[in-house]
Amino acid sequence: MNQENGSEYSSRNGTVVIRRISYNLLTPKIRRHLKGGIVPHVAPPVKLNSKDIYRLLHSYFSHRFLDQFRVILPLPLLLIAFQWLTWRHFDGHSVSIVTGVLALSAGLMLFLEGLRSGLIPFWETVGNLLPQKTSLSTLLLFMFLTGFGLTLSEPGLAFLPHSDSRIAVAQAPFVHTLLHQHSLWLTWAMGTATGLALSLGVLLLSRGLSLKPALTILLLASVVLTWVLSRIPHLDRLAELAWDAASVTLGPVSISLILALGKGMVPSITKGRKTRLGLGLIGLTALAVVAVVLLLGLIMAPLLPAPDIDINAYPLAPDPRVTSWHLSGPIDTILWTLRAIVPTVVLPVLACLFLLREKIPEPGMLAYGTILAALGLTLTHFGSTLGLSITGTASAPWEPTVPTQASVVPANLPPWAEHGTILIFAFALTFASTFANPGLNILGSLLENVSNGVSTRKGLLRIVAIGAASGIVMGVLKEMLAIHFIWFLLPATLALLLLAQSSLVQRAALAWDCGGIIPGPITLPALQAMGLGINGTLAGSGLLAMAAMGSMIAVLLASLRNHIHTP
Amino acid sequence: MTTPRTITFLTDVKLITCIVQRGMGDTIVKAARDAGAQGATVYFAKGSGVRERLGILGVAVEVEKEVVNIVVSDAQADAVFENVYLAGQLDIPGMGFMYVTPLEKAATYIPKEVIDKFNS
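Heads up: the protein sequence lines correspond to chains A and B, in order. Using this note's numbering, the letters of the first sequence correspond one by one to residues 1 to 567. Using this note's numbering, the letters of the second sequence correspond one by one to residues 568 to 687.
Do not rely on the hints blindly, as some may be mistaken.
Per the computed footprint, the stretches of chain B lying under chain A, defined by three or more beta-carbons under 8 Å from a beta-carbon of chain A, are [to be verified]:
#1 608-616
#2 624-638
#3 643-655
#4 660-666
Keeping only pairs whose Cα atoms sit at most 25 Å apart, straight-line, the calculated DMTMM-like set for lysine to aspartate or glutamate is [unchecked claim]:
#5 K581/B - D52/A
#6 K29/A - E619/B
#7 K672/B - D579/B
#8 K51/A - E649/B
#9 K613/B - E448/A
#10 K47/A - E631/B
#11 K613/B - D52/A
#12 K47/A - E619/B
#13 K51/A - E619/B
#14 K597/B - D579/B
#15 K613/B - E124/A
#16 K359/A - E631/B
#17 K458/A - D601/B
#18 K359/A - E619/B
#19 K458/A - E631/B
#20 K597/B - E124/A
#21 K458/A - D593/B
Quick caveat, the hints were computed from the structure, so don't treat them as lab data. For every residue, glycine included, the Cβ atom is placed at its ideal position computed from N, Cα and C.
Whenever a hint applies, use it, and build me the whole structure from the sequences.
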């Protein structure tokens, strides 16, 4: 083909016009000082015309939006199909579902973009500078305060939907008492555990030690405590609550903060020893929370009077407004978002200004990232309220239920078909929603970055999604067959320990971190909308813990077969 | 007696290098393969350029890049170049940069039948 200046030819891409221009004409003329040195050239700003601005912004937003939209769209469709199959009835408004899907996609896009562009680079810098400019004890104190502050300001239990329904209260009275009357104790205990776990993790990393022994000891201790608790009669479901709490202690913002701090810190505290990501910190936090909540339960059990709850005082059907994981009004949502984001920005900024005595690097990008992330988180909440609360009151068919409208009758499927449908949809919904998990997306991107694209974000998402979905299926089976949680916990623990022993340290740490991130803020409301858990109450159902264990086992299996590489 | 090992040099080769924003690498590789390129190497990098001169719009340009290296024959170079440029939308500000380098020679595994056919 002719590629001379001014030539034109048609190809399968349409007509292509060729022009040639000498680069000499475009580069700036350099001026020299009298002494001969070069006067630094300052490139003038580029002015774009409106068409180019449109094309730039269009390509920026459309990719990122479509990425999320593809992930979100299946969720309401699955929920609607499920409701139709089990109730022959569908409880949502198409307008609110469409708005919800759009808001959720846009929210996730903005949230991830804000984290990636402004917040994570800032956190990494702070994480990198802290060990260089402060003593180890200051660093450990900072990690403790960060962990404690994050848990308190963004109480993980806000993620745990707890309902007031009679069945939920009757099945887990102690859990109900703890969540409703002693939640302050719970939050403080969880905060302390998070803080201690983070400083312990950083201490171990800085000594060049693996986190594996600490993780193994905590896991074994938690299993023993769980066994002890399972012997005490009225503490039903407390063990499950402890394991579930671990998966929700840290919200997506806190998870990203810890990942980024860890990644920044690792090169300077480990002096280049074999690891490039501070993996394992999140897993350690999660296990510490399990152990602490179990301990708290053991200590408080004799102090509390055996819960003497008049279950008749509670409504038969859970009140959707109370049950809902979502917040009621726009003001609540915005306040919640600010509580989740502000500490993760303020703490590192304070550390930067007062511990490091440095200027904030790229304050413009930090502000941009913060605003985007806050906007994104608000939209995500708003979107999941609209798009995923298709059925606020549906409930597992093996529980006595009261539908929202008297005219609604169950589809009267034979029990095997009904249970089969639930298992299939639980799997599909967990699988699909795991791809939207923001924390896991961030972890995947970090992994992709440090492995130079060998381990991909999508690859990690796929493996974790399969694991989490299998875990949820096991959890639902546990409820259907009324098998005690411990009979699932023991084999899972055994499998985990065996697999983790035969894996490389970094891969085991990656698996633990995935466990701490799963199920995450999109999967939770989706599962709740299916009516899984104890009458739609996920707290204390053990489902979340099973999802986490499933994803850990999947990651370990995949890394044994070299599907995941950790640098 | 061991059989001597041979190296077959490929001549008339060019290197097309394309630097795009992170996440676009797969698009570029696909476009190159569609136009007949036989392989590509991708690595991650960080770059600067028009992003710093766009002011507030610079946030829409990713700092992190992917560098795609594609070795092509002289004959296919223009077609691959065109396809990659258009698929990567390099005519949008901040999307990326690409160039062609002449190569002296290249070598890799070449199936025996192919060598026999052309090197008799």
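- [ ] If any of the earlier hints don't hold here, list their numbers in rising order.
- [x] 5 and 20
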